[in-house]
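Asks: Given the coordinates of chain A, assemble chain B onto it according to the supplied hints.
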Amino acid sequence: MQRLADFKLPQFFNYPPYFTLQPVRDTREKQIQLWKELILDYCKSQKIFLIGVEEDFPLFSNSAIDRSLSHEARETFLSAIVGEGRAEWLDKGHRKCLVLWHRIQDWADIILQFVRDNGLEDSVMTVEEIRSGTESLGTELQEIDRTILMRALKLLENKGKLALFKGTSADDEGVKFSV
Amino acid sequence: MASGSSSIGIGGLFENAEVTTSGRPVLRRNEVECFLLSSVDIDSEDDPPRFTALRSGNLILTTHRLIWIPSQSNGAVPSSVPLAAVTHIYSHKKSIKSMFHSPRIRFQANPGSIVVTIVFRGKGDFDEFLTKLWECWRGRAWEEEEKSESETSRSGSGTVAQGLYGNDGTVRMVGLAGILRKEQEQWESTDKSLQDAFQDLNALMSKAKEMVSLAEKMRQKLLSAPSSQNGSTDDEEMGSKEEMQQWMLSVGIISPVTKESAGALYHQELSRQLADFVRIPLEQAGGMISLTDMYYHFNRARGTELISPDDLWQACTLWEKFDVPVMLRKFDSGVMVIQNKSHSDEEVMSRIRMLVTKTETLKVGVTASDAALTLKIAPAMAKEHLLTAETKGLLCRDMSPDGLRFYFNLFPEIDPTNIHIVNDFGTYGEWIKATCLMSV
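In the order they appear, the protein sequences are chains A and B. For the first sequence, position 118 (counting from the first letter as 1) is numbered 118 according to UniProt numbering, and the numbering increases by one without interruption. For the second sequence, position 167 (counting from the first letter as 1) is numbered 167 according to UniProt numbering, and the numbering increases by one without interruption.
Bound conformation, chain A alone:
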């Protein structure tokens, strides 16, 4: 089966009807499910956090069978993911989609685990360090999308697990854990 980078594509990726938005309701629901799973799987494996609807997202076309998703189909599938809380539209025009292959809550849990694993319960770190510091190497937090990270941190702040504070510049935003 084909690969996109190091991602193994499922067999049905070569099934031409897969790329046509199905009019019959039951068939369409099945199709949506398959696209949801595929997109999330792919984004997770490739650590993709952002999809531009009009951009060349590799999954949206298959040159082997000469098919690609229409704009309507793309929006439909992404909206379905948004509806399940696994993605968010970043603009009203539905052009950019933030993919949450981990939900924000999941990320929050990952951060907490990260803090425990590294003994950072009472420490202070910059936000940037969380995503690109040595501790994050090889973890899921490495190169996490900033927006998502901030959302997760805010969530934890609301739960009293940490405190966010501004630094001298935007890059200096910091976190004080009190896990």
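There may be inaccurate statements among the hints.
[To be verified] In silico negatives: residues of chain B with every beta carbon more than 12 angstroms from chain A:
no., residue
1, 15
2, 37
3, 80
4, 126
5, 197
6, 217
7, 280
8, 304
9, 305
10, 346
11, 363
12, 364
13, 398
[As the list claims (entries may be wrong)] Here are the simulated DMTMM-like pairs of lysine to aspartate or glutamate, each with C-alpha atoms no more than 25 angstroms apart in a straight line:
no., chain 1, residue 1, chain 2, residue 2
14, B, 392, A, 72
15, B, 392, A, 26
16, A, 36, B, 413
17, B, 363, A, 26
18, B, 217, B, 305
Since the hints were derived computationally from the structure, they do not count as laboratory data. For clarity, every value in this text was computed on a predicted model and none was experimentally measured. Ideal placement from N, C-alpha and C gives every residue a C-beta, glycine not left out.
Replies: For chain B alone, kept in the frame of chain A given last:
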């Protein structure tokens, strides 16, 4: 021989000719004018002259007489000589002398063998006159007249017909009125012969009825005979049977139900007749036929008294009320078809399923025309069937610049929670094999 006398000379050769108040000669029964010349003298050649010369008058040749009418009222009396009295017409010799003289005709007449000379001093076609004179004289029209006159005189009414009406009251064929009268009589006789012809036509129609009832019997026989699907019968038989069916189709209707014959029950009767009729076309079309195709078939069979599309549609909608084995069905797209009640979608679905699960069609799918060819139905019908199959979840669609194609629907077989798993026993597996085979 009184001079200045208005009457003629000897022997009654010349008769007084009756004229109308406007100077036209009164013709006798069956007498027809043939020629008219003006400035004509009638002289006697004999010496002494045997009759008073008639000077400067119009000479009228008829089928019966020569009539001379004076052009001026100089006391002369209109006179006539019956052609019957003419015994000899002298031949007209053209000589140098005659070139300088006015042309003249001489003839001899009884009683008394009087020689008469007609001098033509005016312009006019003298040669034509002469020809006509010979014709009329030879024609002897008065002889028939004499026969019928002798008969009528025996019966006691010997008066000569005068004026427009003849002795027996019938209108005479005289002049313009005569021409019109002749026309009228001709039309009446044509009309009568047409009526007779229509009698014959009715006879022909009743023969045609027999022919059509024979056709109907044969059609019944064909319908009841089992139609073999496996094609094991020899080709000739199948061919002639199909020919028969086609012919049956075109003479299938005996007496078309018309609005007159069925009156208020028109639509009901039409509905029943239609239900009978549709059986053969339905079979030929594989159990389903569009309303427009049926409209064509039905009207073609009727020949005359065609029904409107609206009448056809109404007749079909009435089927619900009767116990007939056919029904009208409307698709979402608006297409209306007639189908056998026994014909179920299941049958068509299974045929489609068989088609799309073949190795080749698994991989490339089917178009409406592919399906039409394989299922042996019209492309529009094929598309409807494919769409129905899609709605039922048997097929799904593939839209591309190449057009619309339908595939066996694999979506239900794929597990979304584990998208890489393939069920060994499903069509999904078959599809994968098919695509691998082809792409090698």
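Asks: Hint by hint, say whether it matches the structure.
Replies: To see whether the hints hold, each was checked on the structure:
no.: 1; hint: 15; in the structure: 110 angstroms, holds
no.: 2; hint: 37; in the structure: 101 angstroms, holds
no.: 3; hint: 80; in the structure: 106 angstroms, holds
no.: 4; hint: 126; in the structure: 102 angstroms, holds
no.: 5; hint: 197; in the structure: 66 angstroms, holds
no.: 6; hint: 217; in the structure: 50 angstroms, holds
no.: 7; hint: 280; in the structure: 36 angstroms, holds
no.: 8; hint: 304; in the structure: 47 angstroms, holds
no.: 9; hint: 305; in the structure: 45 angstroms, holds
no.: 10; hint: 346; in the structure: 18 angstroms, holds
no.: 11; hint: 363; in the structure: 9 angstroms, violated
no.: 12; hint: 364; in the structure: 9 angstroms, violated
no.: 13; hint: 398; in the structure: 4 angstroms, violated
no.: 14; hint: 392(B) with 72(A); in the structure: 24 angstroms, holds
no.: 15; hint: 392(B) with 26(A); in the structure: 9 angstroms, holds
no.: 16; hint: 36(A) with 413(B); in the structure: 17 angstroms, holds
no.: 17; hint: 363(B) with 26(A); in the structure: 22 angstroms, holds
no.: 18; hint: 217(B) with 305(B); in the structure: 23 angstroms, holds
Violated hints for the displayed structure, listed by number in ascending order: 11, 12, 13.
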